[in-house]
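Student: Line by line, the protein sequences give chains A and B.
Going letter by letter, the first sequence gives residues 1 to 114 in our numbering.
Going letter by letter, the second sequence gives residues 1001 to 1108 in our numbering.
I should point out that these hints are in silico values taken from the structure, not numbers from a laboratory.
Just so we're clear, the structure is a prediction, and the values are computed from it rather than from any experiment.
There could be a bad hint or two in this list.
Okay, the calculated beta carbon distance ranges per label pair [unchecked claim]: (1) Lys7/A to Glu1016/B: 33 to 43 Å; (2) Glu86/A to Gly1051/B: 38 to 48 Å; (3) Ile63/A to Glu1091/B: 18 to 28 Å; (4) Gly16/A to Glu1016/B: 43 to 53 Å; (5) Arg97/A to Gly1052/B: 18 to 28 Å; (6) Lys1026/B to Lys7/A: 33 to 43 Å; (7) Glu1016/B to Ser18/A: 45 to 55 Å.
Just so it is clear, CB atoms sit at the ideal spot from N, CA and C, and this is done for glycine as well.
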Amino acid sequence: SAVISQKPSRDICQRGTSLTIQCQVDSQVTMMFWYRQQPGQSLTLIATANQGSEATYESGFVIDKFPISRPNLTFSTLTVSNMSPEDSSIYLCSVARDTGYGYTFGSGTRLTVV
Amino acid sequence: QQPVQSPQAVILREGEDAVINCSSSKALYSVHWYRQKHGEAPVFLMILLKGGEQKGHEKISASFNEKKQQSSLYLTASQLSYSGTYFCGTEGTYKYIFGTGTRLKVLA
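With these hints in hand, go ahead and build the complete structure from the sequences.
Tutor: Structure, rendered in structure tokens:
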């Protein structure tokens, strides 16, 4: 299955600032997915990123707050903008497994906003 | 609609069996199961296909109930390494959805 390198692994940020999270995949993939996992909770899909088109955002998530770039088939970034303490979460990127079922995840970015 | 998992948490002794359920308001066509250890990303365990076929893990199995609105994950002869949070994943309308999660702890 694809291997995803995600960084940073963690960060502590001041409120009002922005953080960009990067995911690099070792193979070309059509879709990349960004998730948020709040402490002790399940994973919630933020958006789906396709190369060459705008990301598709889920209800409750907007582009101004979570802009996403997808410049090529192996790379994507998620920016968390104008952060508040409520944005403190783990953010994960994901791609479909090579087998055609299931998903592989990056190692996650643990974000703390103070 | 997010699938609801039960139990929310379970503690076992090594060697004991456990069952984790994933319930949906709609029929499930396939269910994926993941395990997430603390501080790590979820890891794909297995898929249960609508015909009952399973792919993925040697020591973990799953099934559907009659209406295919619930999937059960069976962990037999649990090992310490089975500890973690288990999530089911299903294809919802236009997107993939994870269940609410079940925390499992295996004690020596």
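Student: For the hint 45 to 55 Å, verify it against the beta carbon of Glu1016/B and that of Ser18/A.
Tutor: Holds, since Glu1016/B and Ser18/A (Cβ atoms, about 47 Å apart) stay within the stated range.
Student: Taking the Cβ atom of Lys1026/B and the Cβ atom of Lys7/A, is their distance within the range 33 to 43 Å?
Tutor: holds (38 Å)
Student: Lys7/A and Glu1016/B, beta-carbon distance inside 33 to 43 Å?
Tutor: holds (39 Å)
Student: Range hint 43 to 53 Å: satisfied by the CB atoms of Gly16/A and Glu1016/B?
Tutor: Holds - the Cβ-Cβ distance for Gly16/A and Glu1016/B, about 50 Å, lies within 43 to 53 Å.
Student: Confirm or reject the claim that Ile63/A and Glu1091/B have a C-beta distance inside 18 to 28 Å.
Tutor: holds (25 Å)
Student: Range hint 18 to 28 Å: satisfied by the CB atoms of Arg97/A and Gly1052/B?
Tutor: holds (21 Å)
Student: Starting from the range 38 to 48 Å, see whether the pair Glu86/A and Gly1051/B falls in it by beta-carbon distance.
Tutor: holds (43 Å)
Violated hints are absent here; each numbered hint is respected by the structure.
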